[in-house]
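Peer 1: Chain residues, written in single-letter form:
There are 4 protein chains.
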Amino acid sequence: MDTSNTKNWKNKLHEVIYEADTPLGKLFDIVLLILIGLSIILVMVESVKGFSDRFYDYLYYGEWVITIFFTLEYIARIISIKRPARYIFSFYGIIDLLSTLPLYLSFFFTGSHALLTVRALRLLRVFRILKISRYISEANKLGKAIKDSGAKILVFLFAVLVVCIIMGTVMYLVEGEESGFKSIPVSVYWCIVTLTTVGFGDIAPVTPLGQFLAALIMIMGYGIIAVPTGIVTAEYAAGGKKPVVPLNTQVCSNCNAQRHRDGAKHCYNCGETLHYD
Amino acid sequence: MDTSNTKNWKNKLHEVIYEADTPLGKLFDIVLLILIGLSIILVMVESVKGFSDRFYDYLYYGEWVITIFFTLEYIARIISIKRPARYIFSFYGIIDLLSTLPLYLSFFFTGSHALLTVRALRLLRVFRILKISRYISEANKLGKAIKDSGAKILVFLFAVLVVCIIMGTVMYLVEGEESGFKSIPVSVYWCIVTLTTVGFGDIAPVTPLGQFLAALIMIMGYGIIAVPTGIVTAEYAAGGKKPVVPLNTQVCSNCNAQRHRDGAKHCYNCGETLHYD
Amino acid sequence: MDTSNTKNWKNKLHEVIYEADTPLGKLFDIVLLILIGLSIILVMVESVKGFSDRFYDYLYYGEWVITIFFTLEYIARIISIKRPARYIFSFYGIIDLLSTLPLYLSFFFTGSHALLTVRALRLLRVFRILKISRYISEANKLGKAIKDSGAKILVFLFAVLVVCIIMGTVMYLVEGEESGFKSIPVSVYWCIVTLTTVGFGDIAPVTPLGQFLAALIMIMGYGIIAVPTGIVTAEYAAGGKKPVVPLNTQVCSNCNAQRHRDGAKHCYNCGETLHYD
Amino acid sequence: MDTSNTKNWKNKLHEVIYEADTPLGKLFDIVLLILIGLSIILVMVESVKGFSDRFYDYLYYGEWVITIFFTLEYIARIISIKRPARYIFSFYGIIDLLSTLPLYLSFFFTGSHALLTVRALRLLRVFRILKISRYISEANKLGKAIKDSGAKILVFLFAVLVVCIIMGTVMYLVEGEESGFKSIPVSVYWCIVTLTTVGFGDIAPVTPLGQFLAALIMIMGYGIIAVPTGIVTAEYAAGGKKPVVPLNTQVCSNCNAQRHRDGAKHCYNCGETLHYD
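Residue numbers (full-length UniProt numbering), protein chains in the order written: chain A, 1 to 277; chain B, 1 to 277; chain C, 1 to 277; chain D, 1 to 277.
Chain A extracted, bound-state conformation:
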């Protein structure tokens, strides 16, 4: 009885922490997201000089309150799952650890504090709450289109890099150091800035020949932006024809597998029964 009770209690906790189907589970996720957002704002605001001096105490205590909550959440996540290793070494498990450790480490080392912004990655959890399968399938479709285009885009970026190395060297020879093209790596950097149409303007060609070459690079960048766009568009349009299964937010209490199809009774990965209530 006692074991069954513990098991039952663990299942409840698992449901609240890992899933978003029940009202309590949803509430937990929303509170968690607000805290993640708050903690990111805290870390950002701390870096602003005038601000951190005036509100030092508030920032300091707020930081600790949030970190202790995250630590408790991390422990609860490990307890409530049957195979903790599946969570600890998962992507989110590592992120969760990394978002609490830095503050504890800041006792011993200075500087590790800024690493707290790793917490921004925790915002990715937001997708779990957006239960409406529409959002999940959209993200799936998007991710699929990008993954499918990956090989092509790599080939494309490789070609762009080769062009930038060659044109960067030419610009270094043409413009020379007095125009800001101090070395070949800096020239290559400038070439990337120009080709991607960012154009900071901290370095800009001065000689007529340099300006002519720069114009060529710009027109090239303006024209070839069409290539990745064309790839993703074609891939995306093609991907839209494949059937998409609606997913729910159930998480297996045994192996932590996610993305079960709506209505699934057993985990697709390990066969464990999924608890919907």
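Worth flagging that the hints you see were computed from the coordinates, not collected in a lab. Given the structure is predicted, the values throughout are model-derived calculations rather than measurements. Among these hints, one or two may not hold up.
Identical copies carry no separate label here, and so any pair may be met within one copy or between two of them.
Unchecked claim - When the alpha-carbon atoms are kept at most 20 Å apart in a straight line, the in silico EDC-like pairs for lysine to aspartate or glutamate are as follows:
hint : residue 1 : residue 2
1    : K10       : D29
2    : K182      : D202
3    : K82       : D202
4    : K49       : E178
Take the given structure of chain A and dock chains B, C and D to it, following the hints.
Peer 2: Showing chains B, C and D alone in chain A's frame:
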């Protein structure tokens, strides 16, 4: 008889003010648009120092003439409609009020004057005149494509924001304050400026590692611009296959409903007879 | 006989000047294009200080030689055509006149000289030489796609302008004059620079709120660039399939040919009568 | 027997150097790529002042070791092929020569050293290793789409150039020299910088009319970027429907022809037997 006469008079006024089918209704809308354009130019020109000093009187009186016309128009709109609340609390009703109030308020408060530029929103009325159903259906199609892509584009922008927060923090740690990366929020701002390929150049990386990371961000921004483009293109191409009904500029004199299909005899919303002449 | 001879001579001249089928006609067009290119380079180079001082004589005489040639060509074009008014008031006729007049006018007025660059428009003649119909049909297709998208792109640009006016005013109120946002028109200009991802950096927000709003504008600009792209792409992809004739499902009883146009009485392939009942 | 032995030895060498099917051939290519990468980094690093002073000896000897290896490889490539002229005058043959010569020439001339970066072109060999036919067919498809769009993109870029020349001249007349628009060529350069949305900011309009025209150019550039994108996307989507044959990395030992289809027993070009082991 008198009531019928009043009703008739109100119907006429309604037709002139709300619709663009009759020559008088068209003329009213064109005069209105010119005045809206003029009033926007007036407000903009007032903010130019040299100008406003020299032509202060002209600007002041022009402002008042236009505002009084807009006030009269606002009152006429309320009178001529059967259920004024439908107009007053509609999007355009609020815009119309907001575009007259600021000048009156400027008697009592200073600064509220600049709010007059809310009038720019009134320019949206221009779509009403462009009667040719082609334009309306185009705008509909465009709006539909953007609305349909909304969920995906939100997911995309969310991912972009997470990337900017993380890369912004890294740049803050790498470059430090002497390069202009004064705080994490400023670094995140710089990251958005760079990723979107705007590149002001007021802040630019100086260290080799910072320039290398900046190059990565740029190439990322150059590559992922393909994603929203691909989404809208696919959505837009797909949207083109659905039947589009030609609409007219009739507006129901009872419930103010718009977008009636061409040739409709009754309002699709409340059943009121539509008057075409 | 004499008249016939003159007519013959005029026909020859017409063929050489207006067409590019004969070797002589092609040669004439190529020589003309080289001269147009040269004259544009001359005008550009003249504006470069150090250059024009040193080579003043060469530039001066070169200019006159080219202008006299263009004048003779203009006269020849008028003589050789049967209805000179068709040429004189055509687009190219006006361009041809405008590209010779400025130098003559520069005797009387100073400054009109720079107008010589109108000659750049004459470069459009290059399409005439590229006789291969492939190029012309491509240009036609491109032009058609742009024309077809025109209405939609106008609607889009109008919306962009309204956004820029509103956001420009907000930035003016937020940043104020000390950050470079001197007046509302300048702020609107800055807003266009930012939204189109150009980003000169001569004006840049300094306050945190201003930078936040700027980030919003940039992300907006980065996202909505997808809209015109989507429009032109969809239009262009659709344009490749035109002209589209409605087809029926009839199949020829003689040669089995399909895809007859609706209402066809005979098979387009073998002429067999099609039976609709 | 001796001749057969030599032939056999040459075939082996040919296989190792030119192909990537055998483990030894793959190893050779990977070592070669690492060396090419290293040599490019060497040349880039040499241009950095502080670096090259401190590590002068290492850079100098590293340079020579790599160049001697490349020279030996070049000789081996000539020896192992039956018709050396096919390699020597091929694109890669010339690149290979150009990437070794500069260092030898630097004995006699100074400055030729920087030409060593031509080695970046050697990185293009990386495609040979990526044996997976997927990559090769992707690159083929990409290249085909760009080639097919070539004519249209040329027409487009030509129109853009004409616009830039005209608008550049107008900006020169409007802004004048004190705003940085020193001459017409510089104005045209600025116009290209603006239209392609690069926007360095080293030159920026100051007068209201100049800023208005600049805004027009930006909106134009923002709108017409859709044109090349639309072209490549349509071309790319259309190209996806054609069958693609998987290719291998075999290179004919007689005529050096590449891109044989997988499983081919004879060279498609000269009929020579291909050796797979």
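Peer 1: Enumerate the violated hints, using their earlier numbering and listing them in ascending order.
Peer 2: 3
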